[in-house]
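First residue of the sequence shown: 1, per the numbering used here; consecutive thereafter.
Quick caveat, the hints were computed from the structure, so don't treat them as lab data. Given the structure is predicted, the values throughout are model-derived calculations rather than measurements. A portion of the hints provided could be inaccurate.
Claimed, not checked - Simulated restraints on C-beta separations:
hint : residue 1 : residue 2 : range
1    : Val54     : Thr3      : 46 to 52 Å
2    : Gly112    : Ile90     : 26 to 32 Å
3    : Ser108    : Val54     : 23 to 29 Å
4    : Thr28     : Ala49     : 24 to 30 Å
5    : Thr67     : His14     : 48 to 54 Å
6    : Arg4      : Arg103    : 43 to 49 Å
7    : Thr92     : Ser35     : 19 to 25 Å
8    : Ala72     : Ser108    : 21 to 27 Å
9    : Tyr25     : Thr92     : 28 to 34 Å
10   : Ala62     : Thr28     : 37 to 43 Å
As the list claims (entries may be wrong) - Below 16 Å or equal to it, Euclidean Cα-Cα: the simulated EDC-like pairs (lysine to aspartate or glutamate) are:
hint : residue 1 : residue 2
11   : Lys36     : Glu26
12   : Lys99     : Asp76
13   : Lys105    : Asp76
14   : Lys15     : Glu26
15   : Lys81     : Asp91
Glycine residues also receive a C-beta, built at the ideal position from the N, C-alpha and C atoms.
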Amino acid sequence: MRTRCLECRGWATHKGRCAEHHKAYESTRSRQSHSKRREAIARGTNAAARMRKVLRANGYTACAMCTRPCLASQLDVDHIKPLALGGEDIDTNVQPLCKACHRIKTRSDFPGKRPPF
1 MRTRCLECRG WATHKGRCAE HHKAYESTRS RQSHSKRREA IARGTNAAAR MRKVLRANGY
61 TACAMCTRPC LASQLDVDHI KPLALGGEDI DTNVQPLCKA CHRIKTRSDF PGKRPPF
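Whole structure, please, built from the sequences with the hints as guidance.
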């Protein structure tokens, strides 16, 4: 079944868009950023994945906020400056936090609104 483009009346040939609109859609900055992030996650080479490997190897470590020692299974990997607020996915921007501290920090990162995830 043939369908029309989401943005014009032309025939859709590329995931719901005509060739012209598909090219424009794929070249937007947010689309490129999301695809790069998904590729890094799939490869396991992003900073959070590397930190998870370190946590599993050590077995336990301390929370960066409350400094209590925790098992690796009780820690979350947190981005110091959230990706949603322009933070980068690099080793110096991640830290281990216990689940309670992670909730507190996420609320303080996004005051007065729900986190975007």
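How the hints compare with the structure:
1. Remark: the range hint 46 to 52 Å for Val54 to Thr3 is upheld by a beta-carbon distance near 47 Å.
2. The hinted window of 26 to 32 Å between Gly112 and Ile90 holds, with their beta carbons roughly 28 Å apart.
3. Between Ser108 and Val54 the Cβ separation comes to about 25 Å, which falls inside the hinted range of 23 to 29 Å.
4. Take Thr28 and Ala49: their Cβ atoms lie about 26 Å apart, and the range 24 to 30 Å holds.
5. Separated by about 52 Å at the C-beta atoms, Thr67 and His14 satisfy the suggested range of 48 to 54 Å.
6. At roughly 45 Å, the beta carbons of Arg4 and Arg103 sit within the given window of 43 to 49 Å.
7. Our hint of 19 to 25 Å for Thr92 and Ser35 holds, since their Cβ atoms are close to 24 Å apart.
8. At about 24 Å, the beta-carbon gap between Ala72 and Ser108 stays in the expected band of 21 to 27 Å.
9. In this structure the hint that Tyr25 and Thr92 lie 28 to 34 Å apart at CB holds, the actual value being about 33 Å.
10. The hinted window of 37 to 43 Å between Ala62 and Thr28 holds, with their beta carbons roughly 41 Å apart.
11. Distance check on the hinted pair: Lys36 and Glu26 sit about 12 Å apart at the alpha-carbon level, within 16 Å; holds.
12. A C-alpha spacing of about 6 Å is found between Lys99 and Asp76, which places the hinted pair at or below 16 Å, so the restraint holds.
13. Of the pairs offered as hints, the one joining Lys105 and Asp76 holds, with about 12 Å between alpha carbons and a cut-off of 16 Å not exceeded.
14. Distance restraint check for Lys15 and Glu26: the Cα-Cα separation of roughly 11 Å lies within the 16 Å cut-off, and the hinted pair is therefore satisfied.
15. For the suggested pair Lys81 and Asp91, the alpha carbons sit about 12 Å apart, so the restraint of at most 16 Å is met.
Going through the hint list in order, the structure satisfies each hint without exception.
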